[in-house]
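Using the sequences and the hints, build the whole thing.
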Amino acid sequence: MKRKHDSEFDDFVVGRSAALRRTAYLLCGDWHHAEDLVQTTFAQVYARWHRVRDPNAMNAYARKILVRSYVDTARKRSSTETATGALPDVADAGGGDPDTRVALLAALDRMTPAYRAVLVLRFWEDQSAEQTAVLLNKSPGSVRSSTARGLEQLRAILGDQLADLSHA
Amino acid sequence: MITDDDMHDLFARAIPDDEPSLTDFRPVARAEGTRLRRRRRIRVGAAAIAFTAVLGGTAVLAVSTPWSESGGRGSAAASPSVDPVEQLRAALAADPALAGSTVTLHQVEGLLIYAVTHPDGSRSRLDVQPQYRKPVGSPRMSCGGPEPRACEWAVLSDGSQAAVDGLHEGGGTRADGFKHTWLEIVLPDGQVIGVSSTNVLDTNAGFLPGDPLPQQQLLGLAKNPAVLAALRAIPYTPVLDEPAAAPCTRPPTETTLPGGNGKGWLQYCGSLTPPSQGAAK
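Going line by line, the protein sequences match chains V and E. For the first sequence, full-length UniProt numbering gives the first residue as 1, with consecutive numbering after it. For the second sequence, full-length UniProt numbering gives the first residue as 1, with consecutive numbering after it.
These are calculated hints, taken from the structure and not from any lab test. Cβ atoms here follow ideal geometry from the backbone N, Cα and C, with glycine treated the same way. Errors might be hidden in some of the hints.
Covered, in the sense of this in silico footprint (three residues per stretch, anywhere, with C-beta under 8 Å from a C-beta of chain E), are these stretches of chain V [to be verified]:
(1) 23 to 31
(2) 100 to 107
(3) 129 to 135
Here are the simulated EDC-like cross-link-like pairs (lysine to aspartate or glutamate), alpha carbons at most 20 Å apart as the crow flies [to be verified]:
(4) V/Lys138 with E/Asp202
(5) V/Lys138 with V/Asp30
(6) V/Lys64 with V/Asp99
(7) V/Lys64 with E/Asp202
(8) V/Lys64 with V/Glu125
(9) V/Lys64 with V/Asp126
Shown next, in the form of structure tokens:
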């Protein structure tokens, strides 16, 4: 039985790693931190895996752990992290659209972690307000207002750039 | 007008095309997940034992003496549990600075979080993050915060170094009402134990009616040998997100850690190497 569970867990990790890491990257803007978040998520998922009846339900659980871990660590980091003198890796040479990437990640970095989490869940993960509410343990109304405030915050940071970037 | 699709595309473009290769998350997830599951079982077992003991004690009291000679607060410490999480809870509850307070375990997964209810009904959150950083060279300790500021530190009886600090804006409060104090203990072997106190117990449940434990109280906890021993017994996890080499940003004359108690600039910098997985307790 344990072997079967482990095998299913392996399939789950292989199937979900890339997507969860991308979501984590959008949340924190750093690949190393993103991997830590995903690692924490999978450890917690494994701790509950033996109780799983429907492995598909673990998708939502993993997403929930990931986002909550991010919000928790971001809140803590916001007041304890030290200056390293090194720039975050938002400006690393990657393919695609570096200007958009740098501008958006820099703006996201200045956002309140809870709003950032809501925007990433709503617009990247395509979760409805109701689904997001369940993941974040909030009411759907609170998620809707957080979405509006998050977008407002993003607009305030990016100014006209937001419209330009979104239509680029 | 920005649509949901526009936002999705925007996020998609924020991710570089050449993503780093994926780590195999499975080995660590299994090891850490097994540890979490075991810890949860111990907790459930300890709770069952304590519950049984309480039931048994109640039954005995009902048929024999009307009073117990032992105090209520001592009962937690007398629990037969050997769970380090419970031991720490009992040590915290027995600390003189928390006399009359109730300390309960709030969360074990992820962060180890305790809820403290003070005699006046106010509440604080206390969380513990045992981590491991193997210092290379002569690391110095940081009180945290991107901006330089003074923190208070002490050298403990076992040679550990402890520093406390807190949010300084508006006297320990962030603009949104979040309050935070923290203690960092660097053990002689390089293990770092972070203890943090805030006025938020659950991220989405608003602020607690009360303040975090004051800095001096946190330092007092570090100086309490029973609390320090209990903190050291909590299994640690390797730090994976620590920069491999955090440059020192303050002059050495300010950041060198002297050998006595005092106030000054402290910064944990230098090369930090996480230990191998096998080193974890």
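Hints not upheld, ascending by number: 3, 5 and 6
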